[in-house]
Amino acid sequence: MTTVAKAGKKRSAALNQFSTGTQAGFHVVLGLFALLCIIPFIFVIVISFSSENSIRQIGYSFTPIEWSTQAYDYTFQLGDQLWRSYFNSFLITIVGTALAVAITVLYAYPLYRKDYSYRGFFNFLSFFTMIFGGGLVPTFVICKSVLGLSDNYAALIVPALFSPFSVIIMRTFFQTTVPGELIEAATIDGSGEYSTLIRIVLPIVTPGIATITLLYAIGYWNEWFLSLLYINKNMEIIPLQYLLMRMQRNADFLAKNSAMLGADASKAAMALPSQSLKMALVVFIVLPIACAYPFFQRFVVAGLTVGSVKG
Amino acid sequence: MSRVGLGGITSARRKKNFWLTTMLLPGAIWLLLLRYLPMLGITIAFKNYRAFKPNTFWNNIIKSDWVGLKNFEFLKGPDTAVMIRNTLGYNILWIVLGLIISVAFAVMMSELSTRFIAKSYQTMMFFPYFLSWVVASYFVLAFLDPTSGMINAMEKASGSSVTNFYHDTTWWPLILTLCNLWKNVGYSTVLYLAAITGIDTTQYEAAAIDGATKWQQVRYVTLPNIRTMIIILLIMNVGKIFNADFGLFYNVPQNSGSLYPVTQVVDTFVYRAYANTHNLGMSSAAGFLQSAVGLVCIVGTNAIVRKIDPDSSLF
Numbered sequence: 001m002t003t004v005a006k007a008g009k010k011r012s013a014a015l016n017q018f019s020t021g022t023q024a025g026f027h028v029v030l031g032l033f034a035l036l037c038i039i040p041f042i043f044v045i046v047i048s049f050s051s052e053n054s055i056r057q058i059g060y061s062f063t064p065i066e067w068s069t070q071a072y073d074y075t076f077q078l079g080d081q082l083w084r085s086y087f088n089s090f091l092i093t094i095v096g097t098a099l100a101v102a103i104t105v106l107y108a109y110p111l112y113r114k115d116y117s118y119r120g121f122f123n124f125l126s127f128f129t130m131i132f133g134g135g136l137v138p139t140f141v142i143c144k145s146v147l148g149l150s151d152n153y154a155a156l157i158v159p160a161l162f163s164p165f166s167v168i169i170m171r172t173f174f175q176t177t178v179p180g181e182l183i184e185a186a187t188i189d190g191s192g193e194y195s196t197l198i199r200i201v202l203p204i205v206t207p208g209i210a211t212i213t214l215l216y217a218i219g220y221w222n223e224w225f226l227s228l229l230y231i232n233k234n235m236e237i238i239p240l241q242y243l244l245m246r247m248q249r250n251a252d253f254l255a256k257n258s259a260m261l262g263a264d265a266s267k268a269a270m271a272l273p274s275q276s277l278k279m280a281l282v283v284f285i286v287l288p289i290a291c292a293y294p295f296f297q298r299f300v301v302a303g304l305t306v307g308s309v310k311g
Numbered sequence: 001m002s003r004v005g006l007g008g009i010t011s012a013r014r015k016k017n018f019w020l021t022t023m024l025l026p027g028a029i030w031l032l033l034l035r036y037l038p039m040l041g042i043t044i045a046f047k048n049y050r051a052f053k054p055n056t057f058w059n060n061i062i063k064s065d066w067v068g069l070k071n072f073e074f075l076k077g078p079d080t081a082v083m084i085r086n087t088l089g090y091n092i093l094w095i096v097l098g099l100i101i102s103v104a105f106a107v108m109m110s111e112l113s114t115r116f117i118a119k120s121y122q123t124m125m126f127f128p129y130f131l132s133w134v135v136a137s138y139f140v141l142a143f144l145d146p147t148s149g150m151i152n153a154m155e156k157a158s159g160s161s162v163t164n165f166y167h168d169t170t171w172w173p174l175i176l177t178l179c180n181l182w183k184n185v186g187y188s189t190v191l192y193l194a195a196i197t198g199i200d201t202t203q204y205e206a207a208a209i210d211g212a213t214k215w216q217q218v219r220y221v222t223l224p225n226i227r228t229m230i231i232i233l234l235i236m237n238v239g240k241i242f243n244a245d246f247g248l249f250y251n252v253p254q255n256s257g258s259l260y261p262v263t264q265v266v267d268t269f270v271y272r273a274y275a276n277t278h279n280l281g282m283s284s285a286a287g288f289l290q291s292a293v294g295l296v297c298i299v300g301t302n303a304i305v306r307k308i309d310p311d312s313s314l315f
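As given, the protein sequences belong to chains E and X, one line each in that order.
Here the working numbering is used: the first residue of the first sequence is 1, the next is one more, and so on.
Here the working numbering is used: the first residue of the second sequence is 1, the next is one more, and so on.
Source of the hints: derived by calculation from the structure; they are not laboratory data.
Ideal Cβ positions, reconstructed from N, Cα and C, are used throughout, including at glycine.
A hint or two may mislead.
[As the list claims (entries may be wrong)] Derived CB-CB ranges, DEER-like:
no., chain 1, residue 1, chain 2, residue 2, range
1, E, Q175, X, P224, 22 to 32 angstroms
2, X, N59, E, L287, 32 to 42 angstroms
3, X, I100, E, T22, 53 to 63 angstroms
4, E, I94, X, L32, 43 to 53 angstroms
5, E, I94, X, L33, 21 to 31 angstroms
6, X, V296, E, V95, 35 to 45 angstroms
7, X, K307, E, Y118, 24 to 34 angstroms
8, E, S145, X, T114, 53 to 63 angstroms
9, E, F76, X, S161, 37 to 47 angstroms
Generate the whole structure from the sequences, applying the supplied hints.
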């Protein structure tokens, strides 16, 4: 019986496949595009290990004349501004993500509770901001002059603390994984709302929490727009993304903003392997994402597909 | 819940509502301060906003004169037509291209017989989605940099004339299109792939038994099954047709002034109007128009989605 079923399955599987030639064609198209997606990053890694001399002679190349770790040596000498920015990136990401996840979970949970009286109102309060807003300038002016978000860490964290999209993702995770009877049972047992959420509900929705944590973390890690808007003087608190952005137009930005002063700074700026150094900083930014990516990818896929099913 | 206990139950209900509301509070306060308060700030668009004593935002806004639609006069300027053309043009092109390419990729991916390789492709394709436009702008710079970029180096080596990419508008529609596809195709492919893997395999078996070739199966089973999803993603994108990806248009062309004719979009216009000229009134007006048109587009497209498939409508 089982062998018959197996044979049948095999035959239908064979019927259900494209010919080897067509499959090969698919591999070529998809493989090429997949390669194109990661080649720029590999190129940047190669450039960061090229010697300044090689870059001057043949430009950026996949096959530099001479390899060198000069750029990375300089990152240690230049110190200050660079490492402070790297530290800021981590700090903003960790603090911002922790707060954002807490706020989002706390906002999504009552929206999932069908027996909560003001569900409709708060649902709308969050949803409406997805389709209408005050626009960039009024938001900026209010944040800066009314809320005091200017040249401080709060300016880089607070404006991204809440995303209605993540609320929808989290709410959907609650709806699909937490049966209403569970909450009723907990309530009958005399469990308070907070203890029900923390002891009973949260352990069930860990995949959902993982998803929104990653979405927020990636958002904070990649954040440069808030620095562009809100940081004018206080360069000590900018994250690495914004440092890179500034460097693009101003190659000796790093040297100027490091602890060195006067002649030292200009000397350092002169000796800077600026081209490969910039690319080394790009590697610094992408590396944490590239390393964690294979592990977090499935959570993000889960979250995005959940979010798109019911927006 | 039954209404037997009356007094006891209503007080329990009130208590429950109270505790659940405390949970919502942090988010609700954030929304009020960072989303709803700025909506009041839209009044700047209709005022000649300037500083008064004491120089606080609310005081300035109350004392500034109403100027009606004066701040909207930028609409008559020649730059406006260009920026609207760019915003709509790129969006329409990218919606169409993105749709065709990602549906094609998702179908191909679902038909690969070696799961492991298909997974690897997906992992590589999805990677750019997690990078910022600042990082992407360096990737582009590696190829286009006027002094050491790979393409210029190749031009020099072959003795042909050197293209100054950051001052020459010719190639930018293509470059921006490639960047957009590079970053976003992986994401939408993943979405479509998820929809395709959800299709009941017995449909394919039935089609195969009826003698359908694999191409016919794609045509008559796969595509009809993801049709609703295609339409919904399409319409949602149309709803955002006046919004552009600021990072792409600002960072990737290095904010180069000579490229504005092909890189200026509504979002960059609003930002530059404020950052370069500090024209609060005009930039607020432009931003307000964008939000208002966006609202109309989303509500309109949602009404259409609701007609096609009520379950998929946004609201």
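Each hint tested on the structure:
no. : hint                                : result
1   : E:Q175 / X:P224: 22 to 32 angstroms : holds, 28 angstroms
2   : X:N59 / E:L287: 32 to 42 angstroms  : violated, 49 angstroms
3   : X:I100 / E:T22: 53 to 63 angstroms  : violated, 19 angstroms
4   : E:I94 / X:L32: 43 to 53 angstroms   : violated, 26 angstroms
5   : E:I94 / X:L33: 21 to 31 angstroms   : holds, 23 angstroms
6   : X:V296 / E:V95: 35 to 45 angstroms  : holds, 38 angstroms
7   : X:K307 / E:Y118: 24 to 34 angstroms : holds, 31 angstroms
8   : E:S145 / X:T114: 53 to 63 angstroms : holds, 59 angstroms
9   : E:F76 / X:S161: 37 to 47 angstroms  : holds, 41 angstroms
Violated hints, listed in ascending order, are 2, 3 and 4; each of the other numbered hints is respected by the structure.
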